[in-house]
Every structure is written in structure tokens, then in C-alpha cells.
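Chains as they are written, first to last, in numbering that gives the first Met the number 0: chain S, 0 to 153; chain G, 0 to 107.
Note that these hints are calculated values from the structure, not bench results.
For every residue, glycine included, the Cβ atom is placed at its ideal position computed from N, Cα and C.
Any given hint could turn out to be false.
[What the hints assert, rightly or not] In the PhoX-like style, the derived pairs of lysine-lysine whose C-alpha atoms are separated by at most 20 Å in a straight line are:
(1) S:Lys81 with G:Lys81
(2) G:Lys61 with S:Lys70
(3) G:Lys61 with S:Lys102
(4) S:Lys102 with G:Lys22
(5) G:Lys103 with S:Lys86
(6) S:Lys81 with G:Lys91
(7) G:Lys91 with S:Lys102
(8) G:Lys51 with S:Lys86
(9) G:Lys2 with S:Lys70
[To be verified] These stretches of chain S come out as covered by chain G in the derived footprint (C-beta under 8 Å, 3 or more residues):
(10) 52-64
(11) 139-149
[Unchecked claim] Facing chain S, a subset of chain G residues (Cβ under 8 Å, in silico):
(12) Gly56
(13) Leu64
(14) Ser67
(15) Ala75
(16) Tyr78
(17) Lys79
(18) Asp93
(19) Tyr98
(20) Met100
(21) Lys101
(22) Arg102
(23) Met104
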Amino acid sequence: MKTIKMINISRRNAIALMLGTAGYIMTSGIAFASKELILKRIDEITKGKGAKELDIFLDLPEIAENGNQVKVNFEIESEMTKENYIKNVYILADGNPAPDVAKFFFTPDMGVCSATTRIRLSKTQNVVLVAENNKNEYFMTKSKVKVTIGGCGG
Amino acid sequence: MSKVKPRGKVPKKAAIDEVIEIKTLIRHPMHSGRMKDKDGKNIPRQIINSFKVDFEGKEIFKMKLEPSISTNPYIAFPYKAKKTGTFNFEWKDDSGNTYTMKRKMTVS
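Isolated chain G, as found in the complex (with noise of 0.2 Å):
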């Protein structure tokens, strides 16, 4: 599973009270288990299933993905400046494995 990679956009400042846009992308392949390979075998279901963000440990934002969701997840979503902090996003699939990423925004 070399291939997963997670990507994200973080505003790197931001004022206070400012809502920002988070956006998040994830190279994976979200095989469906509906589809087939060349040799008209069924590929077994691999997904992420969930994704996870924390800000400075306390959780804001959860998501459950399901099959009906694209090829390298795609997630965007807001969030209201309050202070200065890191934000830790964490996907999972099927098979258990966890993939994580860290951003740092800095507020004034």
C-alpha cells in the first residue's frame, strides 16, 4: 500500500473567528468489490472507511466513507479559527491500515 498518500491544505494564518477551508485528498483506490480486474476476477472490497481530525487532541471533524465514495477521497470542510495549533488528520481502511497527516496554523 505504497501507493496511499495523504494530501491537505491548511491556511497557514488565519485571524480569529475567521472560518477557514480545509481541504484533504488521499491517493487511493477504493476498490468498491464491485469491480473487476482483467481477468474478470472480483477485486475484494478496499476502502477507507473513515477519517478522523483533531485539533490540538480534541476531535472536530469525522467522517464514515462508504463504497459509494470516489476513487482518492476528496474532503473538504470548515473550521472556525480560535487559536494558534496543529490539526491531525487520520484516514483508515479496510484492512486496518491508518494513514496520517499533521498541519500547523498559526492565528493573530
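Bound conformation, chain S alone (with noise of 0.2 Å):
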């Protein structure tokens, strides 16, 4: 009886266990599709390199009403100087049917790095930001919007 009853246990347990991991893979599956996408994206804009955290002033509303208007300004910290500039800006959101939203080609010429402009966002997400110097180094920073209405149409 007793050898019984542990045997009851630990299939038990071993079913437990069994949907645990099966659920567990599923929703992760689920939730990082999107973001392995974009951890894939990211790896081929930086060629491989990968992109430091850096703190980048990126500006992003906490809640979107409306997904189809979404404002985003951004401003990072650079001499711009024909020496030392932002060559390139990405703008990339892990929600969207496609990872990428803009790119920005800068200058030396701006003085100051930053712009804005407004973007669709079809769920609540990550936008991310990607940034390049002419030194082809990589920074990134990313920000979360909950979208109450999508903007990607129906």
C-alpha cells in the first residue's frame, strides 16, 4: 500500500510538472517571440556587437489612448562634432507587426541630437531605441506604453 501511494505521489507530481513546463514554454513562447525578434534585429543593426545600456532621454507617454498617435521624442548626449556624433537613430517597438518604425540619419551639422515624431503602436509594448556613433559604437534604451486603443487598423 505504501509503495502504492508514493507511486500515486510522485506521478502526481510528475504530471504537475510535466504541465508546468508545458505551460510555462508555451506562454514564454508566446511572450518573446516578438522580443527574440527584435533582440535579433537589434544584433543585426549592431552587426553582432550588441548596444550598451546607455540612459538616453527617450520621452514616450506611460498610456496611449490612441495607438495611432503616439509621440515620441527623443534626445541623446553628443558633442556632434565631425569627430565625435550620433550617425544613426532606430526606433524599433517589440509589439508591432514589423520591428522596425524609423530611422534617423544625423549630422554634425544639427548641433544637438534629438527628434520627434509620432508613431503607431498596435498593442501596449516596448519601443526601443538604437543608437549609432560615427565610432560605430552601439547604445540603447527602451520604454514601455500600455496602448488602450491599437493602431495598426483592422
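Both chains are given apart, each in its own frame, so use the hints to dock them into the complex.
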């Protein structure tokens, strides 16, 4: 009897464990599908070098009531001289049908590295900014935006 | 495409080494290719895909736009004023149409 009981418990445990792992794999698979795409895209942009997390001023609303018009403003501290300036800035979104949102090309003539635009967000997600300077170094930051009404059409 | 109309705001006057802000807006539907019309048919992708700004023939700012940019793309960016001259703005869409705009600035 004792042995049977023990088997029962272990089987129950085993099933619970199996269900648990299956559930974990399924949910994590769904949750990270687009994040993986973003990581892949960052890898492509940085040519495998990876980007350093940097405190870049990325201004996005915490909650966007309308995902069709979400204002994005960023400012990156840089000398913006010919020897040292931010060359490219990529805006990516990990919950949109395509990860790329925009690419900005800056020149030292601008004096300051900043820009503003309006983007579409289909659902609550992270907006990622990747910056590249003229020495081919990469920096990134991200911000989470809660979207009440999605903005990618039906 | 008569609806497409570029607009821009550049300060008329600036001091030397002053960082000015240039604001632009172009009226464009920016069909992402994912939206449907009233009959449930897909509206083909039709977006502004590039934006470029020259100052006196020298490129100062460029941007690549994707379908995730909102209808009527608004773009604002800074510029360090050095001399009097003309800004040349250029937008291009998927069908190869080009929309241009000129703005003058006096630096004293």
C-alpha cells in the first residue's frame, strides 16, 4: 500500500511538473516571440556587437489612449562634432507587425542630437531606441507604453 | 494625390550658433497595407518612405519611414544656425512621387 501511495504522489507530481513546464514553454514562447525578433534586429543593426544600455532621454507617454498617434521624442547627449557624433538612430517596437518604426540619419551640422515624430503602436509594448555613433559604437534604451486602443487597423 | 500637402515651420531669423527647431508635417494617409476599406478589401501599402533636408545643397538630416509612422507624418529636429540660406525639404512616397518645400532663414 505504501509503495502504491508513493507512486501515486510521484505520478501526480510528475504530471504537475509536466503541465507546468508545458505551460511555461507555451506562454514564454508567445511572450518572447516578438522580443526575440527585436533582439535579432538589434543584433543585425549592431552587426553582432550588441548595444550598451545608456541613459538616453526617450520621451514616450506611459499610457497611450490612441495607438494611432503616439508622440516620440528623444535626446541623446553628444558633442555633435565631426570627430564625435551620433550618426544613426533606430526606433523599434516589439509588439508591432514589423519591428522597424523609423531610422534617423544625423549630421554634426545639427548641433544637438534630438528628434520628434509620431508613431503607431498596435498594442501595449516596449519601444526600443538604438543609437550608433561615428565610431560604430551602439547604445540603447527602451520604454514601455500601455496602449488602450491599438493603432494598426483591423 | 492632390491631398498631399507639406507644411513646415522654420524660424525666419536666428542668431549665429543658435540651435533652432524645425517642424514639418505632411498630409498623407500612410496606408500601412494592413488596413481594410469599407468593403473589407485590403488597402495597398502607400506610405511616405523617406524624408530628406538639405541646407544650401548640403544634406543635414535624413529619415527612413516605415508603416509604423502615423498618418500625416510629423517630424521635428534641431539645426545649429551658421549662415543665411535656404532649407530644401523632400518627401518621397511608395509610388515614387516627390513632394518638396523650401524655407528661408536669415542669420545675423
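Results for each hint:
Of the pairs offered as hints, the one joining Lys81 (chain S) and Lys81 (chain G) holds, with about 15 Å between alpha carbons and a cut-off of 20 Å not exceeded. Distance check on the hinted pair: Lys61 (chain G) and Lys70 (chain S) sit about 19 Å apart at the alpha-carbon level, within 20 Å; holds. Under the criterion of a C-alpha separation no larger than 20 Å, the hint pairing Lys61 (chain G) with Lys102 (chain S) is consistent with the structure, at around 8 Å. Straight-line distance between C-alpha atoms of Lys102 (chain S) and Lys22 (chain G) comes to about 17 Å, which keeps the hinted pair within the 20 Å bound.
Annotation: proposed proximity of Lys103 (chain G) to Lys86 (chain S) is violated, straight-line Cα distance about 26 Å (limit 20 Å). For the given pair, Lys81 (chain S) sits about 28 Å from Lys91 (chain G) by alpha-carbon distance, which is inconsistent with the 20 Å threshold. Using a Cα cut-off of 20 Å, the hinted pair Lys91 (chain G) and Lys102 (chain S) holds, with the two alpha carbons roughly 15 Å apart. For the hint linking Lys51 (chain G) to Lys86 (chain S), the alpha-carbon distance of about 15 Å falls within 20 Å, and the restraint holds.
Proximity of Lys2 (chain G) to Lys70 (chain S) is assessed by CA-CA distance (about 23 Å); at most 20 Å being required, the pair is judged violated. Against chain G, the stretch 52-64 of chain S contributes 0 residues with a C-beta closer than 8 Å to a partner C-beta. That does not satisfy the three-residue criterion, and the hint is violated. Coverage of the stretch 139-149 of chain S by chain G is violated. Counting CB-CB distances below 8 Å, 0 residues qualify, and the rule asks for three or more. Because the closest C-beta pair between Gly56 (chain G) and chain S is about 12 Å apart, greater than 8 Å, the hint is violated.
A distance limit of 8 Å between C-beta atoms decides the matter here; for Leu64 (chain G) the minimum to chain S is near 6 Å, and the interface restraint holds. Checking Ser67 (chain G) against chain S: minimum C-beta separation of about 4 Å stays under 8 Å; hint holds. Below 8 Å, beta-carbon pairs count as interface contacts, and Ala75 (chain G) has one with chain S at about 4 Å; its hint therefore holds. Residue-level restraint check for Tyr78 (chain G) holds (minimum Cβ-Cβ distance to chain S is 5 Å; threshold 8 Å).
Below 8 Å, beta-carbon pairs count as interface contacts, and Lys79 (chain G) has one with chain S at about 3 Å; its hint therefore holds. The interface hint given for Asp93 (chain G) is broken, as the beta carbon of that residue sits about 15 Å from the closest beta carbon of chain S, more than 8 Å. Interface restraint check: Tyr98 (chain G) against chain S, minimum CB-CB distance 17 Å, threshold 8 Å, status violated. For Met100 (chain G), the interface hint is violated, the least distance from its beta-carbon to any beta-carbon of chain S being 17 Å, above 8 Å.
Restraint check, Lys101 (chain G) versus chain S: the minimum CB separation of about 18 Å is more than 8 Å; hint violated. The interface hint given for Arg102 (chain G) is violated, since its Cβ lies 16 Å from the closest Cβ of chain S, which is over the 8 Å cut-off. A least Cβ separation of about 13 Å between Met104 (chain G) and chain S goes past the 8 Å threshold, and the interface hint is therefore violated.
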